[in-house]
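Hints in hand, dock the two standalone chains.
Chains as they are written, first to last, in numbering that gives the first Met the number 0: chain G, 0 to 133; chain A, 0 to 176.
Simulated from the structure, these hints should not be mistaken for lab results. Virtual Cβ for every residue (Gly too), placed ideally from N, Cα, C.
Covered stretches of chain G (chain A as the covering partner; in silico rule of three or more C-beta atoms under 8 Å from a C-beta of chain A):
#1 2 to 14
#2 93 to 102
#3 113 to 126
Letter by letter, the chains look like this.
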Amino acid sequence: MFLVIGGSHQGKMAWAQQQFNLPADKIADGELLDISAGKMPDLSAYQALYGLHNLLRRVVEADWTDEQAEALQAELLRLPTDFVLICDEVGAGLVPVEHFGRAYRELVGRTCCLLAKEAEGVWRIFCGLPQRIK
Amino acid sequence: MLALVLGGAASGKSEYAEALAMSLDAERFYIATMQSYDAESERRIARHREMRRNKGFITVERALDLAGVQIEHHGGVALLECASTLLGNELCLPGGAAQNSAEAILAGVLNLREQGLNLVVVSNDVFAEGLDYSPEMTEYVRQLGLLNRSLAAEADCVVEVVCGLPLYHKGEPRLVD
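Just chain A, with the same shape it has in the complex (with noise of 0.2 Å):
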């Protein structure tokens, strides 16, 4: 079971798709893809953490190579957090796939869905500013359109969260098969 949850900046898409994973009794992961480089990310990841404290979630960090991520746990539950983070990784950091980034994620999460799991992918909606960017920006709104078109094919369910209120683009959100 795939599901994503879209939504803008401070839209509650996270608060949401914690609620939906935990609404899975099952072993709970949470792949955290944020790197800390200022005062200002290290408060937006203590804030994440403190909302998922004594929820369960065994935290796994990786900013880079979803691909390479080995979990193997058959009908637990992964919460990736967030597909636009991991994007901006890919496309910036020294190693990252640069312009395979939109596949390399497709592709590390269909190898855990492969693993078993069921997923829950966050991503981001940056898509109706209506601003000229940089280069660099467009390629990675480009990228970013393309990964969650990918990952909305292959999901079962698509939500839009809006103020934390949920809208279903697709299926309805049940984790258990």
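For reference, chain G alone in the conformation it holds in the complex (with noise of 0.2 Å):
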């Protein structure tokens, strides 16, 4: 799998898309994929999540064990080789007052490190600039 990370508002998206020819339709959306049943959901039909931020500030807002959220982090490593993840960046702020936002930040850096790990190749967007990190 491939991780394009960046803050927001950097154009990770339209670098995303010309990068790897993504068609509009192949790219699935973090913040409208149905999560309900508690588990990742199915992503076969796609090549690409984008805001991949939104889908874990749901799993936080809905409550999800620790063990439904580990399970989402292996699924997501279960991707197909050329499928392309698309993530803001939201750690690099002070720590939230609030519970909801530490625990936020902290499964969105955890789970991109993770991903980072075993990823193909990694990209930081900046200014819609792409810097290969790895």
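Okay, structure coming up:
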């Protein structure tokens, strides 16, 4: 799997679409995927997942257990080798006062560390410019 | 040798910093700064303890006054985890250095270097959230920026960790002189 990260509004999606030749209808949206079953939704119809951080935010909002979250991480690691994951970096701020904010950025950060370790390639997009960091 | 390891929350910076400290075959010290105050901080401390179990670190607990730490071990390596927690302590705890916190912590780091130690200092990147903070939080961010810049100026290498991957901003992470 390939991982594309960066701050919000940096042009990650536009770059990834061009780089990996992704048709719009093959990109799943982390904000919209159905996670009501409490497990990773089926992504077999897609080539990419945009907004992984939003998917993870919804996981925290829905109060998934650690085991459920770990199962989701394991599913992400099992995605096909040419699958593209796009995720915002959300950890470069002060420690949030609310527990929710801390749990959210912890889950996003740890998940990205796990994914980056196994990824075929990792890019960080800054001002629309890609830097290959793995 | 002074290495500064920076990253956001859950970026993998601690794992990287520990591996860097482990790469030196020397007596290893771990300067722990976090005070336990609730179940969540307990969990965080436990996670870090578990990470460095069996890695041969001698733990030195220090929430305030880094400059008072005496290790005096020429050629050893000390991992400071982390400068940003220490800054929060100095600003908030009774007896802390308040408005002089950044200078006090920098002096503490330089003092450890004077004692002959190789140093790996972990700090946080909190500068790209884009939110308005209270005056107290703004002061914390200001001092952390000052501290990180001062440490980077003194450091032989500055490494930013992103998703567990190192990006080198200054020098190469070689601990052995």
